[in-house]
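Enquirer: Spelled out, the chains give:
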Amino acid sequence: MVTMAAHGPVSQIAVLAAAGAPSQLLPAREQMAFTLGFHIVLVPFGVAFTFLMMIANYRALRHGDADSLLLAQRWSKVAAVLFAVGAVSGTVLSFEMGLLWPGLMERFGAAYGIPFAIEGIFFFLEAIFVAIYIYGWKRLSPWLHFWSGLPVVLSGIGGTLSVVAANSWMNTPGGVTLRDGRVVDVDVAKILFNRAFWYEALHMLLAAYVVAAFTVAGVYAAGMLRGRHDRYHRIGLLLPLTVGSIAIPLQILMGDVIARKVFDIEPAKFAAIEALPDTSTHVPEILGGVLIDGKVRYGISIPNGASLLSGFSPSTRIRGLDAIPAAARPPDRLVSIVHLAFDVMVGTGFALLGLAGWFAWCWWRSRLRNPSRWFLRATAISGLIAVLSLESGWVVTEVGRQPWTVVGLLLTRDAVQTSGNLWPLFAGAATVYAGVSAGAVFALRALRRRWAAGSDLATPYGPEDEPEPVSVA
Amino acid sequence: MTTLVASVLLTGIVAYGVFGGADFGTGLWDLTAGGAQRGARPRALIDHAIGPVWEANHTWLIFCLVLLWTGFPTAFAAIMTTQYIPLGIAALGIVLRGSGFAFRKVSMHTAEQRLNGVAFAASSVITPFCFGAVVGGIASDRVPAAGHGDPLASWLNPTSIVGGVLAVLTCGYLAAIFLTAEAFRAGQPDLERWFRRRAMVAAVAAGITALSGLFVLDHDAHRLYVRLLHVGWPFIAMSVIAGTAALLATVRGRARLLRPLGVLAVAAVLVGWGAAQYPYLLGSQLSLTDAASPPATMTALGVVTVAAAALVGPSLVALFVLTNRGRLTG
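Chains as they are written, first to last, in my numbering: chain A, 209 to 681; chain B, -4 to 325.
No wet-lab data here; the hints were simulated from the structure.
Just so it is clear, the structure is predicted and the values come from calculations on it, not from any experiment.
Reference excerpt, derived from the structure (chain B facing chain A, CB under 7 Å, subset only):
id: 1; residue: 47
id: 2; residue: 60
id: 3; residue: 61
id: 4; residue: 65
id: 5; residue: 68
id: 6; residue: 69
id: 7; residue: 71
id: 8; residue: 97
id: 9; residue: 143
id: 10; residue: 295
id: 11; residue: 307
id: 12; residue: 322
id: 13; residue: 324
Derived DEER-like restraints, expressed as beta-carbon distance ranges:
id: 14; chain 1: A; residue 1: 662; chain 2: B; residue 2: 151; range: 52 to 58 Å
id: 15; chain 1: A; residue 1: 387; chain 2: B; residue 2: 294; range: 17 to 23 Å
id: 16; chain 1: A; residue 1: 397; chain 2: B; residue 2: 285; range: 26 to 32 Å
id: 17; chain 1: A; residue 1: 436; chain 2: B; residue 2: 188; range: 46 to 52 Å
id: 18; chain 1: B; residue 1: 151; chain 2: A; residue 2: 592; range: 41 to 47 Å
id: 19; chain 1: B; residue 1: 294; chain 2: A; residue 2: 525; range: 41 to 47 Å
id: 20; chain 1: A; residue 1: 272; chain 2: B; residue 2: 312; range: 31 to 37 Å
id: 21; chain 1: B; residue 1: 153; chain 2: A; residue 2: 501; range: 56 to 62 Å
Output of the computed footprint for chain A on chain B, the stretches with three or more beta carbons under 8 Å from beta carbons of chain A:
id: 22; segment: 49 to 59
id: 23; segment: 82 to 92
id: 24; segment: 308 to 320
Yeah, the Cβ is synthetic: ideal placement off N, Cα and C, and Gly gets one too.
Starting from the given sequences, assemble the full structure and let the hints guide the process.
Expert: Right, dumping it as structure tokens:
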């Protein structure tokens, strides 16, 4: 229970609304969005890609399957590169908690920090066992090596749950006692298991599996499109595609449950998702469209849709943006972003579900023995679609919380850095991240070229004494 | 409980300083190893030595940041609103360091390797300098409790410069002794000599910087100077003894003794700084008790620490044992 003394936050907003946005709010939000948007793409590869690796590894050991073994070994090399980038880009986020949002940490670090402290343990374990697994192929016994991968998968799950506990606490804060705006007591269980925790955590975890699975499947589908129909590529396609095709229907079922939870627990966010200006019943579900001057334009309206989906009856009353105090009401532009991001998330989710259905049908018909080029093309781009879905979902939950950083307790404008100028830092981050992205693409392409040339050896540092490998088209 | 959490924080800083520091220091030797031909073997050894461990060692930094912002949020905010320039540079440096290292390993051409290598090595020097400068600013009272201190003077001042230079040299020193031991283990006597020479140079340079640093402290951070001599002296003495013994071991070529002695010399300085600072967290601006979160948070951090010790401790030992036995290879 959040106990508040003296004046409520709403009266504070009214005072601040006149003051105009702090000058560093824009660069801080842009930088956070940029660096977190970058990091979140790497998360599935730390969390779920390792699971795919373990399955391939298990198949290799259990059935003496050389192709699966090669896949697991190569995937672990890719994971090593992506995990390194994920680890350091995650560190930047830790710094940004203070560099961008000192107001958040100063006021709520005592509560908000606890899930991160737990995450620290998981991150430690993950870093240790990833290293043992990646570097242990040659000189550990095969099964001992396999089991060293298990803590990686488990700590990936634990880490996700901890970080999402922190994020969901910002959406549904609880477990803090405030006096004069300061945290004077905390209830750890209520912070960790806040009301939004389970649905956000499971949603993110499934998202990680969906993204990793379809991305990896896409790589091998692309290989098959270039004519590589060997067994190695077939397993590389089937294994992740199976995982993805199990995860995506679960995710969509979860999503349906979650939407009603958000309707119930986070009404302001739900109003933004539905772009609903006025509280009413018989609310239509509007696909697409933007909110302009209290009306949604250019959308496709399904009569009673939103009311039916949220309460199984057209007479379900949905709280609109008008239920939010005027001073804390998000501007139309933000509402439109949340609304469209939600539509993109759901649309891409259903597109992936369609692919999973297509896969199931092909498997049932012919064990996918001669996959059509259209099926392979669809699979090849499914990773990008999954990433788009992930990013949109993240936009829904983050932008959908605005103008709050901690709902009802701390406005984003009060959390932001007020010293100095954040633009140079943002410019630096943009430059460094652009370089790192290019570097990652080059590094992964170098791995692929080396493998295509049939070599798994690391190149020694120094002048090239071997001719440049011919890339196999 | 506050003191306990503070000592866990100090332990984290020491662990990061020693292990993370050694990893950073390899960048110094990587950067100065010469052209592609001449530097190939030292670089290969560096890659081999830190490949499996650097991410785990890096995690100490996350651990410290999390402990600081959860246990002492006021101090965290004060540091971040004052020393945002060196910390911003350090954060980006960390990205370049890790990515450059990981990419270099898999890139195929000398040009790409060189680019990634320079990113790795240059940021390995800049980042410790920034951290050293930040510590110098905190120790010399330049981070006010309410934050928003001078963004330049808080890290461009005599104590910070000493701190930054000392951090770079110490990292280089630690790296050189770790790599000497690694070369000894790998049976590469010429590389062992190569790194031993560098360990000696770095040891002497770090020693001179530390001693002249005391004079700087006397003028620039007098309270710290007095406290170091009164409360911190056993640690300073321990560092001097261990450092000298390590230098002798280096000269005599006792590779086995090198690592424990060198680590002790560096760890003692960091613990001495912590002892001299106690009971304050930021110079003499903010005491630990004033900065501490409510007791329930501190208890939670205590529980997390116990869990971390139980889970992470044995895992780290396993990682180091496997690495030292040569069971983890690229």
